[in-house]
Amino acid sequence: MKLKNLLPIAAAVAVMPSLGLAQEAEVPAAVPTDVVWILNSVLFLVGGFLVMWMGAGFAMLEAGLVRSKNVTMQLTKNVALFSLAAIFYYLIGYNLMYPLGTWSIDGVLSGIWGPGVLEAVGVSADAVDDYAYAATGSDFFFQLMFCAATASIVSGTLAERIKLWPFLIFTIILTSIIYPLQASWKWGGGFLDEMGFLDFAGSTVVHSVGGWAALTGAIILGPRLGKYGKDGKVNAFPGSNLTLATLGAFILWLGWFGFNGGSQLAMGSIGDVADVSRIFSNTNTAAAGGAIAALIMTQLLYKKVDLTMVLNGALAGLVSITAEPLTPTLGEATIIGAVGGIIVVFAVPFLDKLKIDDVVGAIPVHLIAGIWGTIAVVFTNPDASLMTQIYSIVVVGIFVSVASAIVWFILKAVMGIRVPEEDEITGLDVAELGMEAYPEFSKG
Amino acid sequence: MKLIIAAIKPFKLEEVREALTAIGVRGMMVTEIKGFGSQSGHTEIYRGAEYAVNFVPKVKLEIVVPAAMADQVVETISSTAKTGKIGDGKIFVLDVGQAVRVRTGETGEDAI
Numbered sequence: 001m002k003l004k005n006l007l008p009i010a011a012a013v014a015v016m017p018s019l020g021l022a023q024e025a026e027v028p029a030a031v032p033t034d035v036v037w038i039l040n041s042v043l044f045l046v047g048g049f050l051v052m053w054m055g056a057g058f059a060m061l062e063a064g065l066v067r068s069k070n071v072t073m074q075l076t077k078n079v080a081l082f083s084l085a086a087i088f089y090y091l092i093g094y095n096l097m098y099p100l101g102t103w104s105i106d107g108v109l110s111g112i113w114g115p116g117v118l119e120a121v122g123v124s125a126d127a128v129d130d131y132a133y134a135a136t137g138s139d140f141f142f143q144l145m146f147c148a149a150t151a152s153i154v155s156g157t158l159a160e161r162i163k164l165w166p167f168l169i170f171t172i173i174l175t176s177i178i179y180p181l182q183a184s185w186k187w188g189g190g191f192l193d194e195m196g197f198l199d200f201a202g203s204t205v206v207h208s209v210g211g212w213a214a215l216t217g218a219i220i221l222g223p224r225l226g227k228y229g230k231d232g233k234v235n236a237f238p239g240s241n242l243t244l245a246t247l248g249a250f251i252l253w254l255g256w257f258g259f260n261g262g263s264q265l266a267m268g269s270i271g272d273v274a275d276v277s278r279i280f281s282n283t284n285t286a287a288a289g290g291a292i293a294a295l296i297m298t299q300l301l302y303k304k305v306d307l308t309m310v311l312n313g314a315l316a317g318l319v320s321i322t323a324e325p326l327t328p329t330l331g332e333a334t335i336i337g338a339v340g341g342i343i344v345v346f347a348v349p350f351l352d353k354l355k356i357d358d359v360v361g362a363i364p365v366h367l368i369a370g371i372w373g374t375i376a377v378v379f380t381n382p383d384a385s386l387m388t389q390i391y392s393i394v395v396v397g398i399f400v401s402v403a404s405a406i407v408w409f410i411l412k413a414v415m416g417i418r419v420p421e422e423d424e425i426t427g428l429d430v431a432e433l434g435m436e437a438y439p440e441f442s443k444g
Numbered sequence: 445m446k447l448i449i450a451a452i453k454p455f456k457l458e459e460v461r462e463a464l465t466a467i468g469v470r471g472m473m474v475t476e477i478k479g480f481g482s483q484s485g486h487t488e489i490y491r492g493a494e495y496a497v498n499f500v501p502k503v504k505l506e507i508v509v510p511a512a513m514a515d516q517v518v519e520t521i522s523s524t525a526k527t528g529k530i531g532d533g534k535i536f537v538l539d540v541g542q543a544v545r546v547r548t549g550e551t552g553e554d555a556i
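Which chain is which? The protein sequence lines are B and X, in order.
Residue 444 is where the first sequence ends in my numbering, and the numbering goes up by one at each step.
Residue 556 is where the second sequence ends in my numbering, and the numbering goes up by one at each step.
What the hints contain is simulated information worked out from the structure, not anything from laboratory work.
Take the hints with a grain of salt, since some may be wrong.
Using C-beta positions, here's what the derived DEER-type ranges look like [to be verified]:
#1 X/Lys534 with B/Pro439: 56 to 64 Å
#2 X/Ala511 with B/Phe441: 38 to 46 Å
#3 B/Lys355 with X/Ser484: 24 to 32 Å
#4 X/Thr475 with B/Leu91: 24 to 32 Å
#5 X/Arg547 with B/Asp423: 44 to 52 Å
#6 X/Glu550 with B/Lys233: 55 to 63 Å
#7 X/Pro501 with B/Leu301: 24 to 32 Å
#8 B/Lys233 with X/Glu519: 56 to 64 Å
#9 X/Thr475 with B/Ser277: 55 to 63 Å
#10 X/Pro510 with B/Glu440: 32 to 40 Å
#11 X/Ser484 with B/Leu301: 24 to 32 Å
#12 B/Asp423 with X/Thr475: 45 to 53 Å
Predicted model only: the values in this text are computed from it and were never measured.
C-beta atoms are modelled at their ideal positions from N, C-alpha and C, and glycine is treated no differently.
Hey, can you work out the whole structure from these sequences and the hints?
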């Protein structure tokens with residue numbers, strides 16, 4: 001997404017007026033100026049701290065959907081994984097993801113290894129890394145948050161039974177290698193980008209990656225004790241705090257404006273600001289579509305609305321619009337999001353049928369809705385090719401699943417990834433941490 | 445002396461306490477409990493999985509009163525806690541062998 005990759009995006013923007021409601025006049029190509037550089041950097045900084053706040057969203061959503069005996073552990077995992085992502089994306093991930101044309105294996109593996117380096121203190125206009133783009137610090141900050149979001153997706157699925165340290169080691173591998181490597185194929189200008197794969201803000205590059213890692217983890221780790229009965233009965237483990245879960249979903253919804261809006265990667269022209277505004281509006285309405293679709297579907301299917309599904313529906317709507325938040329009209333964005341919401345309502349019980357225990361619904365929301373969103377690009381963006389979209393989904397899916405499975409199996413063999421049965425029954429808070437989230441409440 | 449054990453709907457607790465205080469009951473023990481009777485359990489759906497709620501939340505009152513007062517207490521609880529719908533609860537009356545006030549050492553009816 002640096003200069004090299006900004007060019008095709010700028011070209012795409014130039015052909016877009018025919019599609020865009022808000023764009024009646026030709027968008028002039030932005031001429032690099034100090035103001036453009038500054039505004040682009042501001043977009044990354046504001047977008048970046050909004051995406052950072054999604055860390056709080058994931059933490060609250062997950063804390064609310066696990067049982068009270070595992071809340072402290074879930075919060076611990078969330079703050080630890082975010083911090084590890086920050087360190088390892090800096091040490092390895094950033095340069096692995098953005099080779100800037102220097103490849104070890106062309107289009108596949110970056111030729112730049114080592115920690116990210118920022119511009120000098122008080123750098124002048126003629127000494128910045130990329131005068132036509134934005135401050136390197138703002139780009140690093142923004143991209144780091146996407147990497148952390150990917151890791152957050154995994155923790156929710158594997159909650160309530162995975163050991164802390166193996167999970168954190170997996171997070172390190174995910175954020176330093178698995179995520180940045182596949183992201184370089186698209187956003188680093190690699191082979192998927194060359195093929196014309198379109199993924200605006202990461203339905204595939206971010207969300208499905210977290211989803212594939214979570215799915216392989218859930219299969220290798222196994223379901224929570226007592227989740228699935230002998231006769232195929234699925235036992236419900238209601239979440240401990242739906243107030244927190246709702247707060248978490250709203251925080252994620254807010255953060256998504258930075259996620260998708262910031263991915264415009266430019267704010268130095270009328271056209272760019274109009275596009276960012278379109279993206280905000282489309283992102284919002286897709287979430288609304290997903291929430292309402294889940295609301296209606298759960299009422300029809302179960303005779304009662306299920307709030308946790310409505311929250312998942314909103315998030316699925318957000319994931320669905322992430323691959324292409326710019327070209328749809330408001331109506332199209334609402335429908336794309338609504339399909340995501342419907343997917344969730346069917347995918348959650350379907351995973352249970354397969355005995356894949358996903359505590360918070362991260363696989364339906366991030367993986368399945370992510371695949372849908374990536375395919376849905378072809379409905380509103382004439383530059384997208386269905387075959388290329390599907391090919392990219394499959395390539396990323398195979399790579400992340402195989403790489404994750406290898407890491408999970410190694411961790412399982414070396415140190416074990418699952419807590420002892422007794423600890424799982426007691427709850428990870430007391431067993432692994434000796435600390436409860438709600439020490440003054442009776443056990444539920 | 446009689447021990448009256450009553451399981452009632454939780455939202456009726458305050459009303460029952462007021463009514464009992466009004467007829468001269470000077471103390472009670474209250475516990476939040478779960479249980480089932482003829483109301484039995486029911487099923488709910490969480491994220492597509494049906495689960496049984498086999499025990500319904502109730503409040504249990506334990507009240508020790510002079511034998512002469514027992515019928516009036518039972519009558520007051522049963523009229524106050526009654527909604528007419530299933531799940532209103534149960535009242536049991538037992539004999540009490542002894543009562544002691546810890547602070548003063550008083551025994552029997554003096555202690556309650």
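Right, here's what the structure says about each hint:
1. X/Lys534 with B/Pro439: 56 to 64 Å: violated (34 Å)
2. X/Ala511 with B/Phe441: 38 to 46 Å: Holds: the Cβ-Cβ distance is about 40 Å, inside 38 to 46 Å.
3. B/Lys355 with X/Ser484: 24 to 32 Å: holds (30 Å)
4. X/Thr475 with B/Leu91: 24 to 32 Å: violated (56 Å)
5. X/Arg547 with B/Asp423: 44 to 52 Å: holds (45 Å)
6. X/Glu550 with B/Lys233: 55 to 63 Å: For X/Glu550 and B/Lys233 the Cβ distance comes to about 56 Å; the hint holds.
7. X/Pro501 with B/Leu301: 24 to 32 Å: holds (27 Å)
8. B/Lys233 with X/Glu519: 56 to 64 Å: At 46 Å between Cβs, range violated.
9. X/Thr475 with B/Ser277: 55 to 63 Å: holds (58 Å)
10. X/Pro510 with B/Glu440: 32 to 40 Å: holds (38 Å)
11. X/Ser484 with B/Leu301: 24 to 32 Å: Since the Cβ atoms of X/Ser484 and B/Leu301 sit about 25 Å apart, the hinted range of 24 to 32 Å holds.
12. B/Asp423 with X/Thr475: 45 to 53 Å: violated (31 Å)
In terms of the numbered hints stated before, the structure departs from hints 1, 4, 8 and 12, listed from lowest to highest.
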